[in-house]
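Once you've looked at the hints, dock chain G against the given chain E.
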Amino acid sequence: MDFGLIDTVGTLMMPPAASTYAADVDALFYFIIYISIFFFVMIVGAMLYFAVRYRRKAGSDEIPDGPTHNTFLETIWIVVPVIIVMIIFFWGFRGYMTMSVVPANAMEIKVTGQQWFWTFAYPGGQITTNEMVVEVGKPIKLLMSSTDVIHALFIPAFRLKRDVLPNRYSITWFEATQIGDYHLFCAEYCGTSHAKMIGTVKVRTSTEFAEWLESLDAAGEGMSPAQYGEKLFTSRACITCHRSDDIKGSGPNLAGIFGHEVNLADGTKITADENYIRESILDPMSKVVAGYQPVMPTFQGILKEKEVDALVAYVKSLGGQDE
Amino acid sequence: MNNAVAADNGGGSLTPEIHKIPEKHYINAKKGLKSWLTTLDHKRIAILYLISVTVAFFLGGLFALMIRLELFRPGEQFFGADTYNQFFTLHGAIMIFLFIIPSAPAVFGNFVLPLQIGAKDVAFPRLNLASWYLYIAGASFALYSMFSNAVDTGWTFYTPYSTTTSTAVISLTFGVFILGFSSIFTGINFVVTVHRLRAPGLTWFKLPLMTWALYATAIIQVLATPVLAITLLLLILERAFGIGIFDPAMGGDPVLFQHFFWFYSHPAVYIMILPGMGIISDLIACFSRRNIFGYKFIAFSSLAIAFLGFLVWGHHMYTSGQSELSSVIFSFLTFMVAIPSAVKVFNWTTTMYKGSISFETPMLYAMGFIFLFAIGGLTGIMLGALSVDIHLHDTYFVVAHFHYVMIGGSVLLLSVGYISGGPKCLAECIIISGPW
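Those protein sequence lines, which keep their order, are chains E and G.
Numbering-wise, the first sequence is residues 1 to 323 according to the numbering used here.
Numbering-wise, the second sequence is residues 1001 to 1436 according to the numbering used here.
These are calculated hints, taken from the structure and not from any lab test.
All figures in this text were calculated on a predicted structure; none of them were measured in a lab.
It cannot be assumed that every hint is accurate.
Here's a subset of chain E near chain G, in silico, CB distances under 8 Å, partners left out [to be verified]: (1) I32; (2) I43; (3) A46; (4) P67; (5) S193.
Ideal Cβ positions, reconstructed from N, Cα and C, are used throughout, including at glycine.
Bound-form chain E, shown alone:
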């Protein structure tokens, strides 16, 4: 995985801040850090000072007679921390409210989490996988749900995180302030390939964004179906589970299967022809390969007819029939 392209350096302890509310989160974070350093130095400093100053002299039989309580002191060190944590509470509360109230003019993107990829559906009907492209300076509302287990959408550069649940919509929003590419992670453990459930948020100017939307409609032109399928195999995240190299994925390796018999979980066999591959993409639970978990989500509604054709052509091109 190449993380080199994405700028991950922000301030000392935080990634780059690229959303409208990120600066406020960072300010509070560093405020707490400085308060914490102050108290830490005070406590540990006092402890070390006392340890040296009041160390027991060799052979000393002294029974020291220090104070055992001091109500004034106790009051001080209850009241002062209460005041400080209340400041922190209200600051965090205010920032959280900003994150929770979606601006009225926001563009809505429907986010779907599934094992183990993200899909993003745009108002114009365009669907992308593991790649969200947005316009800089425009508020984006994310309407999110899951088709299987709980996931969590995490975009560190935007200070955005929200669980994605299977039985309800969760809603959050952001407005990107800096053009660039940013990481997008699943932050809620969701099974075998959780660590690979990652994507990219691309923040672009409004012209670039419009061009990108148009290019989605024209995708695949000028390529052979197999070439387009190879591209889709990566961009639609098939490759998260289905490897054609030596690494063991959580789904069957597709190299060389075309035209060969496949052992199914129910004990029967089937020949991996065009229709079986098509069915496995659109209705993956119906004929699960023996030795694998029935975890693949359906791509019905995500892939267009042209894209299914291309993927079938690509799997064919991985070899099998002639060998």
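This is chain G only, laid out in the frame that chain E set:
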């Protein structure tokens, strides 16, 4: 007589008089395996627990090493993704349910509680032994699950993943269910013991702070553990019989599971740390040769932590889909529970003021605790703040915070318990270490 004073406040210097071991004591009073397995003596039961949790600790530690080994470099090194997922699940589940939760009350509580309040034994010795057998039964189920098809859900068993994964969730959760009863038995025993078996004249405000801490812990064990037990039972019913409670595919609600789970598991954090706080309260006073500073504030802060600890579970769910209003209320209460912990730290540090401090091993551990626990506590402030937590939630920041509190707090003090047994039972514990 200095020695008499030193012995009175629990030693503070290992004077030769304390080293003297009586001819006959609980280790050699009876012999043979059967005498151990049928013992009703609180110290022997503590030793049984000590051996069991130590085995669990090494097992959990082994999984921790496996995790670190795999993380040696990015990408897959030694184990596949599934094996790795099983390793971190087992590390968490074993350390939490088989090690830390029982080791604090059941090992140290069993050993020192009756001694500290001048009782012959705990109130219900048979219940005490039964709790150890339940521990063994629960641990057996957990180990069975480890060898059959180890669970890969994470120690939190979040649904619907835990409902749908093919691994042995039922045997592990059933093991934890049984372990819960073991913990409840210990809790009931301690509550009754502290209420009913104090020596004549030993009023509440003369109790050692360790006893206060164990009392607060026992209340949490009795009140919170049943919720976990019921939750895990419901999870088992859902998996085994398809009764929809948490899995939306069957009409359930996964966020409900999280509420139930954290309603126990947040207070459980205090089961893990409160006895440690009791140990250090006594240690610092003992090795500074001072009375503890702010006795009542430390005692009441234990109760405040136990009480408020029940009201902050929602801070595990800021990002999870509970209502915004709930998150705000839980954030407020989370900051409130920080105050009694801060009060304790200030009082411990001030106890050293004008003391006569000796740097024997337990005191070094106690000072190490203050250092590490301060980091653990202060990082908790960052996680309590709503907007900051949204960024930090579900990341290694939380893992680090938790381990600072658990390793730097609980495990450090439990280790010093292994060394000294806590100063109040110094003489007793030297008997343990004597023959070795």
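Tested hints:
Residue-level restraint check for I32(E) holds (minimum Cβ-Cβ distance to chain G is 5 Å; threshold 8 Å). The interface hint given for I43(E) is met, as the beta carbon of that residue sits about 5 Å from the closest beta carbon of chain G, less than 8 Å. Because the beta carbon of A46(E) sits about 5 Å from the nearest beta carbon in chain G, less than 8 Å, this interface hint is met. A cut of 8 Å between beta carbons decides the hint on P67(E): the least distance to chain G is about 7 Å, and the hint holds.
Below 8 Å, beta-carbon pairs count as interface contacts, and S193(E) has one with chain G at about 6 Å; its hint therefore holds.
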